[in-house]
Structure formats: structure tokens, C-alpha cells
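Sequence lines, in order, name chains A and B.
The numbering of the first sequence is this note's numbering, which starts it at 264 and goes up by one.
The numbering of the second sequence is this note's numbering, which starts it at 17 and goes up by one.
Hints are supplied without guarantee of correctness; some may be wrong.
[As the list claims (entries may be wrong)] Lysine-lysine pairs mimicking DSBU-like chemistry, simulated, CA-CA at most 30 Å apart:
#1 B/280 - A/482
#2 B/280 - A/593
#3 B/310 - B/141
#4 A/482 - B/268
#5 B/268 - B/310
#6 A/482 - A/409
#7 A/593 - A/482
#8 B/165 - B/190
#9 B/165 - A/300
#10 B/165 - B/141
#11 B/268 - B/280
#12 B/190 - B/268
Simulated from the structure, these hints should not be mistaken for laboratory data.
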Amino acid sequence: MSAPTSARTLSPAADASALTAGPLLSINGLTKHFPLKGGLFGQSRGVVRAVDGINFDVAEGETLGIVGESGCGKSTTARLLVDLISPDSGSVILGGRTLGVDLTVRDLRRQVQMVFQDSYASLNPRLTMQDAIAFGPMVNGMARDKAVALARDLLARVGLDPGRFAGRYPHELSGGQRQRVNIARALAFSPKIVVLDEAVSALDKSVEAQVLNLLADLKAELGLTYIFISHDLNVVRYMSDRVMVMYLGQVAEIGPVDALYAAPAHPYSQALLAAMPSMDPDRRTMEAPLAGDPPNPINPPSGCRFHTRCRQADGVCSVTVPVLHALPQKGHLASCHLHIPGSGHTGAAPRRELAP
Amino acid sequence: MSAPLVEIDNLNVRFHGPRTVHAVNGVSLRLEAGETLGILGESGSGKSVTLKTLLRLLPENRTEIGGSVRVDGVDILSLDGRALADHRGGVASMIFQDPMLALDPVYNIGEQIAEAVMRHEGCDKAAGWARALDMLTRVRIPSPERRLKAYPHEMSGGMRQRAMIALALACRPKLLLADEPTTALDATVQIQILLLLRELQREFGMGMIFVTHDIGVAVEVSDRVAVMYAGEIVESGSVRDLIRDARHPYTKGLLAANLHGAVKGARLQAIPGAPPALDGVPAACSFAPRCPVKLESCDLARPPVAEPAPGRSVRCVRAG
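With the hints as constraints, model all of the structure from the sequences given.
As C-alpha cells, then:
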């Protein structure tokens, strides 16, 4: 298929240097607060701090996993990445170009596509699978016969025989098949990044494994970059190169998957991993790592947002907001006073003089 | 321990409608008092239908139930009227995935628990409320006196789940039926509820049947596990046997698909295809179309149930 023309082609040199020099996607200080409307005249009654100043980079060709509990902001982050909702502040930089400055929403969405959890709600019930996939390219100016040929090609690519499935409607497919169609549709623009927001969570385990294999194949074939959001820590471990742990709209920890799973630094990451069922009948979990539910993101706790549930919380934790701090392992960062030398936490190392 | 607490023999459940669905096909199982059985299966495997039969919660006019179901020596399928109402909540009680559907939104938690206790035990209001307070304390709801007056919408997800458990156990049932009670919960809350159920089950000495699609959850709570596929139990045994030495190809596939300890980059051993439509009585092995090790005979007749070891059963010709 022909690559959609965009501003990118106007300055190939700048584009190439951006790709080799920096990360493919860079998120800086991204914030989204949802106002709570209520009362007699619909005045604002406060805000839900869904995403509160997060930073991260995604390198070309990697898979970044995002984990966290409900209300941690992982789905809001996904929607911000494709501009389904607009951020209050912060920037989305793709290939060196900033959204809203020298990158239009249209260009962003050609390069960043998304697959949602609800495979049925994602598809128009009145469009056949072939038309559903061809719809986007046609809206973007592709001729109908070309778009249909592309759709059939993509159906075959995700393991659905176009002869059997092209003319079917969403209700005639199983959940796993529908999710394959959603993946095919996301690939119609030859995107660089695919955001998978709980894309396999609603599938039965036996079908989930098939779709995970498909995602791995497509990534290898097409050189895709994935942002893989899930609450299932086993799946994230299997799929991701790096993992980001979110808690109440902020990044608690980010790092290479093996390092983070082997030695989680943030007490919340430790609790999340310890809460996984053991899979060993002789070594069942004997104690819940955390008590109570996650707090409400409307009025998040002061200082470190995790301090109300943290066993290692100290005086400083309720006062000062910890920043992401580099740990010895390269690329591994955690926002916990315990790991920030001189933070005032009794367990933290003393502040070191800056090396020359 | 004379008769088992739950005795299901050759249970068949059909739903009539535009097409007949054979939801459960010849399920037999036993549960001793004080024991926990996990029923593991994917959507449409018949696990929830089997569970609901024990409380007769399936729509009467569309459902045809065959076989025999006995709880504590009583034939459940012949219960009617007041006897059925006594059974529900008194002898056997159920907790669900969504507590908002189990709890009444217009009564506070205390009223709901007290009403159930008064109905089943014929006690007065004060005793009912005293039991409600006792139950909220036992399920470890913080400041239970205050929470008695709380309405379901005023509570967090984990707290509502605890309130529903308190309601289900208020009349000291001998059997607790749990239908995916932790599926909608966050990981750190799920483990709290699983530990609580394990503790209460021991404390009250009740039998528990726990339906889940998550092997990890089944391992955390169960003594024995039965794996269901297409309305049949394909394998059952102690949780240790199943985890360490699964015999049915479907169970093996499920264990692999759990990704626990899966090697990064290695292809997953996915089970190909999808579960069958439940249009008829199975005439062959239901899993044969997806089975990696099927034999010719698998397509011809329903495999017999083999018992490779005491307490284990496998519906597979290769299991012998």
C-alpha cells in the first residue's frame, strides 16, 4: 500500500535524524484532570486527577508495558497518546515533532493506532469486516477497490480467511476473531506504534494465547512498536521489554521488565507483584501485601500518593512528592523517597556529593 | 463424615429458546463438608450454570434439568415454595462477581443482613442487627458500627464485596457458592478477598464451591479442582495433581496459556480454534477438534472417564 503523504515527507533529513537520535515517542509532563460537574448549576466540584504529570519515552521497536490498578490512569494515558482526549498540559512528541506544534492530530493518528478491550463496541455493527477495515483508508483518500484489497490482505494477515470472513458482521464473529479484526484495522495505516489497551483481557485464556502469538508475529514482520496496557502481570511480563507501573495518575516505577520483576524497587510494585496468585499449592499466599482499596483519585493523598497504604512510609512521605530517581540498573527508575539519597526518609542513603 | 455435603449425579441442563443450548452434559461431582472445590473453565463451559443449579437460580420456564442434585441429603430439584426459600441463604448461599446486583441499593447494609437473619432464624430485630454487626466485624470491614448504616453505593469495590460475603454467611450456611467473586477486583484487593474467604471457610467449617476462569485463583483457594469444557468435567483431582501433573490436553493447554513462567520470545503453546457450539448432546470428545494429540477414536465416541489414580478422573482416552 502507498504510504500516506504527510509533512514527514517534506523534510526527510530532519525526520531521519530524529529517529536515530531520540526516542520514537516522548511524553513530557502529561496531565489530564477531569472536572466533576454537580450541584444546582453544574459548577465544578473538584477534579479527578486521572493523569498527573507523567514522563516517559518509547524507543522504536520496543514494547512498553503499562500496569496498575483501576483508576491509576493507564487507560487515560492511552487515550491521550492518540489524542482521543486532549491533555490539560504536557506534550506528546512523536519522531521529534510535537503534537499541536509541528504535528497534526491527523498525522499522529496515522502513526499511532489503538486497539481497545471491548472488541464488539469497537466495531460498527452495520459494517462488514472488510468495510470496517477499508473505512479508514477510504476516508483518507484511498480508492475503494484499493482499500478493499488492502482490507482483505490484512484479514489474511491476522489469520482470518478473507473468503470466509470479509463479508461477515461483528455479531457473526467470536470475541477472539473480532479482536483480530480490530488489530487488522489498526494496521491499515501502517502505523509505527500500536497502543493495546487491555486488548486481550476480555478473551478466554486459550484464545488470548493465540492473539498474543499473532501480536508477536506482526511485530516481528512489520517492525511495530507496542504500548501494551494490561492488569495481567504475567501477560505484561511475557510481552514487554520495559514496564511502567502507575499508581493514582503517576509513574511509580519504570524499568527493564526482568529487572523490575526480579527486584521491584517501589513498595507499590512490590505489593502488586506479591499480590499475584502463587500457582503453587504448597506455597500459597499467606498474607495480603496491602490492606484496603486504592484511594480515590479525586482527592489523592498528599506527598507520595502511596503513603497511606505503604508499610515503609515515613514522615517525609506525606509531605514531599517524590520524583522519579535513577536506580543502579540502567534505565530503571522509581519515585520513592526510600531510593532518593538525602530525601529525609530514615531508610534512605545520605545525600552524596555530586561527582565531578 | 457419612454422606457428602453436595452430591451431583449425571446433571444435564438444557436451555430452550430459538435454539436449544446443551449447557451442562452429564456432570457428576461430590463435595465433602468443610472442603473447597474449584471449578475452572472458560466462558460457556457450564461452570456457572452448574453452580446456579445448586440454588435453583436458573429461569424455570426455559430450563430443563435432568439428573440428581442433593445438598446435605436434600433433593434440590424437588424443592418448592417455602422449602426452596429456606434452602437459599439458609443451607446454601451464593456470592457473585458484581456485589451491586446482590445488594439492594435502597436498604443499608445492616437492614439487609438483619432481614435475612430474621427470616431464616425467626429472631427479633435486635438480634438481627447484632448478627449484622458481628458479620461486618468478621469480614474485617473497618469501623463496622458506622458501616451498618452505609448504603452499597457509599462503599468501595472491595468493601462491597466484603459486605456481600457478610450477607451470604449471616445465616451460617453449610455451603458457600462463589461465582467469580474476585474477577472484577484489582489485584491487591483480590488477594485480600481470597484470603478472607479461605479464613471464613475454615472458621465456619463450611463447604465451598468456587467457580473461576483463573487458575491462579483456583490454586489459592481450592483443595480439589474440576476443569470444565463444553458442559463437561474433563478432569478433576487435587489441586497439586492438576498443577504438577495435568493429564487432559485441555488442562495442559490452560496451564500453558496462563503464562506463568512463560519464556519471553518463545511462542506460546496456544490451543487452536474455539470452543464448540453447544447445539447437541456430545457424541464424541468435545475437545477433539482442538486437541493436539487426538486419535481417530476421539471423533467417534465420547471418551470414558478414566481414573489414573485414587481421587482423580480424566475424560480422555489417552489418560488411562
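#### Entry: Earlier hints that do not hold, by number
Hint check: 3, 12 fail, others pass.
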